[in-house]
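Chemist: Take a look at the letters that make up each chain.
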Amino acid sequence: MPRINSQEVREIAALARLRLEEAEITRLTHELDDILGYIETVKGVDTASVLPMTHAVPFDCPMRPDEPGQSLTLNEALQNAPRRRENMFEVPRIVPGTGGA
Amino acid sequence: MAPEVRGASLVALAEGVAAKKWKSRDLVEAYLDRIARLDKKIGSFLLVDGEGARRAADAIDKKIVAGEAVGQLGGVPIGLKDIYVTRGLETTAGSKILKGFIPPYESTASARLAAAGAIRLGKLNMDEFAMGSSNENSAFGPVHNPWDLERVPGGSSGGSAAAVAASLCAGTLGTDTGGSIRQPASLCGVVGVKPTYGRVSRYGVIAFASSLDHPGPFGRTVEDAAALLEVIAGHDPMDSTSIPQPAGRYRQASKAGLTGLRLGVPKEYFQSGMDPEVEAAVRKALDELGRAGATLVPVSLPHTQYAIATYYLICMAEASSNLARYDGVRYGHRTAEAGSLEELYAKTRGEGFGAEPKRRIVLGTYVLRAGYYEAYYGKALRVRRLIANDFAAAFAQCDVLVTPTSPTPAFKLGERAADPLQMYLADIYTVAPPLAGVPALSQCCGFTKSGLPIGLQTIGPTLGEETVFRLAGAYEARTQWHQRLPEDPS
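So the protein lines, in turn, are chains P and A.
Just so we're aligned: the first sequence equals residues 15 to 115 in the working numbering.
Just so we're aligned: the second sequence equals residues 5 to 494 in the working numbering.
Calculated directly from the structure, the hints in this document are not laboratory data.
As the structure is a computational prediction, the values presented were derived from the model and not from experiment.
Ideal Cβ placement from N, Cα and C applies to all residues, glycine included.
Hints are supplied without guarantee of correctness; some may be wrong.
[Stated by the list, open to error] Output of the computed footprint for chain A on chain P, the stretches with three or more beta carbons under 8 Å from beta carbons of chain A:
#1 65-75
#2 85-93
#3 96-103
With the rest of the complex left out, here is chain P (with noise of 0.2 Å):
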């Protein structure tokens, strides 16, 4: 049986925030069946009293003083968006409302 079809894949995509064509959900589909059955091979291992590992090194967070410093100013922050308006990033309309885009 098939670990995974195409509707699942088509709702992980919607998750994720990422438009897929059919075919490429058809090819992701068979592909990460493929790949899900090999990585299934870590179920495998006896895990019962280990603890989860995030981090390679260890470290404590590191803590610094809040304090105002130099950061980057308005036109550097905006400089790469796509859509600017004024001083802002602009995005298609998230609320119902009048005017604008």
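Assemble the complex: chain P is given as a structure, and chain A must be docked to it using the hints.
Modeler: Below, chain A without anything else, positioned relative to chain P:
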């Protein structure tokens, strides 16, 4: 008067600049000329900043004339994998979604190279977002291996490895998440170093899998790589995972010899699946190291068989989360038409990402889903600890491990592109060190009958870079493999 830069070592070039034997500008012109003549066939550079390099070189030359200090790498032309953000210079990470991105800031590693006097020639080709083992996943075309233009240079830092092999610059930086420095170093016959996790700052290095991303250098010689690492390593307050201890003396270590070192030979790295010519070359290297005064110790890393699955689970989960930032709002590609915010995100990402990032985003999202998280991602984090424990146990018996870097020499372009799982399985010898965070280096230890380089991997304990450099430097001093050069493409 410029020296012959083909095959030149970075350290020798820097010494020549300091001794006024040649000018930095001459070196820049010599490399720019090689790039103009040869890189059409190799494809290692995505962007060449000739004007910026000439300006920086002239500034170094002026300082030399004035008797001012120019830094350890004063005047030496280098290249950066296009994953290092460079202020004012386009940075794409090999992706269409970042085409045209002009960073307003500079990565710590590239800033340190510049402060040490290195001259940035340009930005190097790579697999999209560092996802790949062949450089075929670049949105801007593949890189060709200088030893055989029909073969891949390895990946993801394929441009960085090929540029050093073809003498298109004196040294380069790459990044290694599951082997992306060491495997291309192996396939291109150069030296590549993945230091300890946190040894080199990740600030300004475009994120793929943050707990596994390791910036590091490529050099023609072990000492060249050591010289670059000495400059880029060290604490950086801009990276919260940066290690506080100062950088080691890697160049000195590379000349210290290996007398008394115990070399662990992990039996799991010498099993079926290895190309016979690779196995023969690596075993010959072990014999040579034994004759040089090292003691060989058989060791075991029993969880090796789970390393690839563990690695891909973790890197895909982290990638799916890191790549969420590409949404068409603040930088990069944005779809032409979108009626809603949701549609803007989905269309932008669908158009901007290539096949491999899409595969990893979907798989990463799948394994992080509610209900699946513990079975996949949680499990992988536990197995990761077992893999790290294996290394700790091995290093109780030996000082350094020696293994092959890649089970095969360079393969043909297109040969594995259709089967992603087969491509992942080729990372067998390189994925475990990043999971454990331990340092590792690849260097050339021979050639196949058809003239393709073979790589030897040295793995040290956490912050054991100096031991790794001792072994690699001693091996290089006793062999001539690193002196062999690919012919310039005609």
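Chemist: Name the hints, by number, that the structure is in violation of.
Modeler: No hint contradicted; all consistent.
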